[in-house]
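Each chain, letter by letter, is given below.
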Amino acid sequence: MEAGRTLAMGQDEAVGGGRRSVEAPFGRALARLGESRPDIVGLTADLGKYTDILPFRDAFPDRFFNVGMAEQNLVAVAAGLARTGKVPFATTYGVFATRRAYDFVAIALAHSNLDVKIVAGLPGLTTGYGGTHQAIEDLALMRMIPGLTIIDPCDATEIEAATEAIADYRGPVYMRLLRGSVPIVLEPGYVFEIGKARRLRDGSDVGIISTGLMTERALDAADALQKRGIAAGVLHVPTIKPFDTGAVAEFAASADRIVTVENHVVVGGLASLVVETLFDAGIAKTVTRIGLPDRYIECGAVPTLQAKYGLTTEAVIATIAALD
Amino acid sequence: MPRNSPPGSADIGALERKAMLLRRHMLTMARGQGQGYIGQGLGIADVLAALYFHELRYDPANLAWPDRDRFLLSTGHYSIALWAALAEAGILPVDELVTYGADDSRLEMSTLDTTPGVEMIGGSLGHGLGQGVGQALGLRIDRSDARVFVELSDGEMQEGSTWEAAMSASHFKLDGLVALIDCNGIQADGPVVLDMEPVADKWRAFGWQTSEIDGNDMAAVVGALADARNRNGKPKAIVLRTLPGKGVPRIETSEKSHFFRIDVAQWDGIIAEFEKTVGASQ
Chain D
11 MEAGRTLAMG QDEAVGGGRR SVEAPFGRAL ARLGESRPDI VGLTADLGKY
61 TDILPFRDAF PDRFFNVGMA EQNLVAVAAG LARTGKVPFA TTYGVFATRR
111 AYDFVAIALA HSNLDVKIVA GLPGLTTGYG GTHQAIEDLA LMRMIPGLTI
161 IDPCDATEIE AATEAIADYR GPVYMRLLRG SVPIVLEPGY VFEIGKARRL
211 RDGSDVGIIS TGLMTERALD AADALQKRGI AAGVLHVPTI KPFDTGAVAE
261 FAASADRIVT VENHVVVGGL ASLVVETLFD AGIAKTVTRI GLPDRYIECG
311 AVPTLQAKYG LTTEAVIATI AALD
Chain S
11 MPRNSPPGSA DIGALERKAM LLRRHMLTMA RGQGQGYIGQ GLGIADVLAA
61 LYFHELRYDP ANLAWPDRDR FLLSTGHYSI ALWAALAEAG ILPVDELVTY
111 GADDSRLEMS TLDTTPGVEM IGGSLGHGLG QGVGQALGLR IDRSDARVFV
161 ELSDGEMQEG STWEAAMSAS HFKLDGLVAL IDCNGIQADG PVVLDMEPVA
211 DKWRAFGWQT SEIDGNDMAA VVGALADARN RNGKPKAIVL RTLPGKGVPR
261 IETSEKSHFF RIDVAQWDGI IAEFEKTVGA SQ
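Residue numbers (my numbering), protein chains in the order written: chain D, 11 to 334; chain S, 11 to 292.
Just so you know, these hints were derived from the structure itself, not from any lab.
Where hints are given, some of them may not hold.
Calculated lysine-lysine pairs in the DSSO-like style (CA-CA distance at most 30 Å, straight line) [stated by the list, open to error]: (1) S:Lys183 <-> S:Lys244; (2) S:Lys244 <-> D:Lys59; (3) S:Lys183 <-> D:Lys59; (4) D:Lys59 <-> D:Lys251; (5) S:Lys244 <-> S:Lys286; (6) S:Lys212 <-> S:Lys244.
Build out the structure end to end from the sequences listed, making use of the hints.
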């Protein structure tokens, strides 16, 4: 990617350095599921092309509905479909699913525990379109909704596995989407399970707790730190709600220092959950929080912005190396 | 056994008596707590009587029947009328009605879908029509001929989501979707605060087959529902001009009609007034 150029909508934002990638893992997984699951329907609000759901539309045009630019109606229609026994997957951007449609997610879906899956593009800082399009606080907002399951997947493998898992799970889900060409980060044998955190690296000098695409950078940082003689463990937490408090507390207890890494503001999301978990478990350790500041972020090229706001592997390494 | 399947010929007098029975229940229910959304309930009683005892296809013994017609009450605070109708329909026990609005009662002042017969959580206005669109799409996928009736209100048309749903219903040609728009002229802050007229023209402009009737004229209600049965590719809107507090002059003329709270002694006077009105009409 060229630095200094604002990405157009639809361009890849999740490409990892040197890793193999998969095109549109969500849409392909959903289209595969559609073969054996006639109850699955697809919905979007004029962002089908930009949320990777077109493979499902092309395979099952009679089970796909584009409601236009109307995110409240997107969620309401999905709720109605769920009441007739369908399992709707509704896509839009995270900013619209949360800020614009919040009352519908809370009341029409979650209050009735309806079986709707919201799949939300442009999570955190993965677009250069500025505050209107960057869902930097979506995890915090959605965490407050009772009964809503929240997934922040790391890579193509996990998106495919999570798509299958949430289709099988009965209840409302909000899943962050990595779209376009999505890298494969997790190693073969990795198993995604709703509500489960996974320890990906052992190491007791520093315990890195990460979610979403930042787990890729946490792993790369841990490998680099190893060469400097710092043993960094990595706990990947793809499910934000329900939060795997047991695994987080156990992991935190085994490390000298705790660092959280998330593609989200450092208030209300992973960092807050970790601090609450440690407090409840009686673990008195300082938590260093890597994530976005509590402010709106400007437009610009994604690599430039991610570097400026500390979401790169280099920034994670630098922060951890500077710990006392 | 399914009711109203197929709908028979309407006995207007019997339906009018049913509406009066619903009103009698509602007055008793509101008396229990000394308060309630009685104005709206009395106003919509004729429409609910026409639906549950003539037009809607449903089975009180099998509420989950996939081919049932759905009735979605978007204005959850009209629950007082729905509870009365569901009780008369054999879905709720009649003797439970007196618990309306009491702590731990299933018969909340605003609907929750945990109560039998309720198809959505109403009350956050602007939610109903979109959920009706989704249910109608789901029924189409299932190749069911069941229909979806959504009650909404004049004030509720001020919620933008109502129009998002209206646009999508005509786009998807949901001709089994019927919007029942209760225009009673009141909302929380008093008489309708933002002019919604011309209501019928708005729905026509959004591609709906639209009629406009006196929602307290049983023959007109039954006729409009019959006209809404055709499957012509268009969703149906019935604009209902209703009188809040219909049947009780003291409530009809009250300025407090959005939410009514008075003491028990006065309720007795109101119920006496209602019975006098009923007696005069029969």
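| Given the hint that Lys59 of chain D pairs with Lys251 of chain D, does the C-alpha gap stay at or below 30 Å? | holds, 28 Å
| query | Going straight from one Cα to the other, do Lys244 of chain S and Lys59 of chain D come out at no more than 30 Å? | reply | holds, 29 Å
| query | Within a Cα-Cα threshold of 30 Å, do Lys183 of chain S and Lys244 of chain S meet the stated pairing? | reply | holds, 5 Å
| said: Would the hint linking Lys244 of chain S and Lys286 of chain S be met if the CA-CA limit is 30 Å? | reply: violated, 43 Å
| query | Taken at face value, is the distance from the CA of Lys244 of chain S to the CA of Lys212 of chain S at most 30 Å? | reply | Distance ~15 Å between Lys212 of chain S and Lys244 of chain S Cα, so the pair holds.
| said: Can you confirm whether the C-alpha distance between Lys183 of chain S and Lys59 of chain D stays at or below 30 Å? | reply: Distance of about 24 Å is within 30 Å: holds.
The earlier numbered hint that this structure contradicts is number 5, and it is the only one.
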